[in-house]
Amino acid sequence: MTGPSDYIAGVSSDARKAPRRVVFVTRRTSAHVRSVDEEQVQTWPEALFRAALIVEMLVIALVLISLFFNAPLEGIANPTVTPNPAKAPWYFLGLQEMLHYFPPVVAGVMIPTLLVVALVVIPYFNINIRPDGVFLKHRRRNLTVFYVVAVSLSLFLWFFDVYVALVPTLVAAAFMLIAAYSGPQSPGRFRRYLVSRPVSWWIMTWFLLELVVLTMVGTFFRGPGWSWVLPWRS
Amino acid sequence: MQLQKQASRLDKLMASRLWKSIFRSGRGASTLHRSMAIQQNVFLHILPTKVRRRMLNFDATWYLGTLTLGTFLLLVITGILLMFYYHPSVPQAYADMKDLRYVVSSGLFLRNLHRWSAHAMVLLAFAHMFRVFYRGAYRPPREFNWVVGVILLLVTLLLSYTGYLLPWDQLAFWAITVGSNISSAVPVVGHKIHFLLLGGNLVNANALLRFYVLHTVILPLAAVLFIAVHFWRIRKDGGLYVQQSEPARETAEEARADENTQQVVVKQ
Amino acid sequence: MEQDRKQKPGELQQEISRRAFFTKLGIGSLGLATAGTLSFAYQYMSPNVLYEPSPIVNAGNVEEYTTDSVTLHPALAIYIVRLQEGIFSLSAICTHLGCMTAWKPELNLIACPCHGSRFTDEGVKVAGPAPRPLPWFRTWLSDDRDVMVDRSTVIPPLEFLRV
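Just so you know, the sequences run in chain order A, B and C.
Under the numbering used here, the residues of the first sequence are numbered 1 to 234, in order.
Under the numbering used here, the residues of the second sequence are numbered 1 to 268, in order.
Under the numbering used here, the residues of the third sequence are numbered 1 to 163, in order.
Calculated directly from the structure, the hints in this document are not laboratory data.
Check each hint, because a few of them may be wrong.
As the list claims (entries may be wrong) - Calculated cross-link-like contacts (lysine-lysine; reagent style DSS-like; alpha-carbon spacing at most 27 Å):
1. A:K87 x C:K24
2. B:K50 x B:K192
3. B:K5 x B:K20
4. C:K125 x C:K104
5. A:K87 x B:K192
6. A:K87 x B:K98
7. B:K50 x B:K20
8. C:K104 x A:K87
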């Protein structure tokens, strides 16, 4: 067995706040920090009071909105007259915009299914967990993949006249190009920030951009017969 | 003087046998009592007794998850109240909307609050998802809680969508007609799904009743169930994600390995 | 070979133990019960009687329709179209997502308000996301020369009813 000189003993002594910890480090291994202990507070009342406070503020805001703005109510449902335009709730208008371009089996079934599957599998692929900038490691390979994906996706959207989705794609691709041709030593904080972004960040940001643009277009810029209108001219 | 008297009355109440029989944790401001307040409460014990102080900062989470839960609670309360005046039948459902607006005391306000809270919940759930992603809080060992979150997002969207039909106005009817027709585009079984969903070939009284049952019973139950799992997993997966103070794990294997090794903890 | 192995003493018992047998029996019967429950659930959830309007409708006397006219009957969700070749009926429900279409005389087209699909007066799609042309319904004349339409029976296009 090991003698007393074979290890160092240490005691963490804030027994008032945390249970007493005793640590034994043998001479043969070197201790290294895996995690740092942080100051902790009691959930009751610290966290619960803050939660209650923020929820109260939310309730006040929603009550004020409800006092001043009435929920929409149109005429009674009439199967013989379709309002023009007939719009889904706002969070589905991105999908409705896609339905304008693609057959229902693509825009209504395949795209939502793919989205949900993509969201679910995010944490199960190591490529989504690594924090390296996308063009910092395996630069040549990643750049090739980027060009192939960006060009084919853009051509696909262009072929089907989906300019609404093409524009955000091109914007995202332009920023990726900036990232590709900058380095960690580039001037400008924003460029260095872009360089350090991993591939999962880029895909999610592209998705967020598409979501916002498509929802905005569907909500504000689509009128009778799903044609373009300006929201301030009604 | 008056205040002191009230305080002492409250003290007396909280020291009584009845109070102690209800609240097992007893009263007191010690760390032990405060831990017990969480641990000995059936609703709160899915939370950890302690949290990292840094996670309470507003910019750590923007409290988006808490806010989403807040809208859900508000929707449950206003929803139950609205159910007292709503008949899920054609054309009575629409007449009830008019009644809520012009006849029922505070009916207009309650319907407004339900409607706007629903919009807020969808918006907050999306915001919460993107916030969690950009902070990297979906990474192991929290990957399953991310999946639960995606399920909750879908339940939220379905809740909102089924609720959309209930007023039985033009907006509702055509949004559901268009939306349910999407389901018939599913290869092979599409028309069967469409028929089952609507309980017929058209958006009709059967569809209204089905959507009502989904909206008021099935989906809220699913939401409550998954919300409970979501919160419980926060605690089990090591609390809310804190950058820097946790080891950088690049793979799921690393995270699992970390849990099995003894960690040397250094006090700051 | 196979028979030799089975004849060895004790070998037969190892093939499936009593416990494994009952486990399999239990799981199997549970699976059967689940499948049965699901099929009952499916049957229960699909209504057998529907209180929906009859598919066979009367669209009025044929003399009401002039040549080269397209008439929408919103309540019946059909068009009665009369061309030189004859008369026929067309579904007014867009094949895309079920919106009610409208006849635009200025464009000489049938237009869907929801996603912008457009069709000719013979139901052929000319623009938009609709996957199929508007279906033709079986049409005949009653003894009183009323136009009768069976909305549940789709016929191949360009089968005009001569009058």
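Status of the hints after comparison with the structure:
1. A:K87 x C:K24: violated, 53 Å
2. B:K50 x B:K192: violated, 51 Å
3. B:K5 x B:K20: Distance ~21 Å between K5 of chain B and K20 of chain B Cα, so the pair holds.
4. C:K125 x C:K104: holds, 14 Å
5. A:K87 x B:K192: holds, 25 Å
6. A:K87 x B:K98: holds, 22 Å
7. B:K50 x B:K20: holds, 23 Å
8. C:K104 x A:K87: Holds - the C-alpha atoms of K87 of chain A and K104 of chain C are around 21 Å apart, at most 27 Å.
Hint check: violations occur at hints 1, 2; the rest are consistent with the structure.
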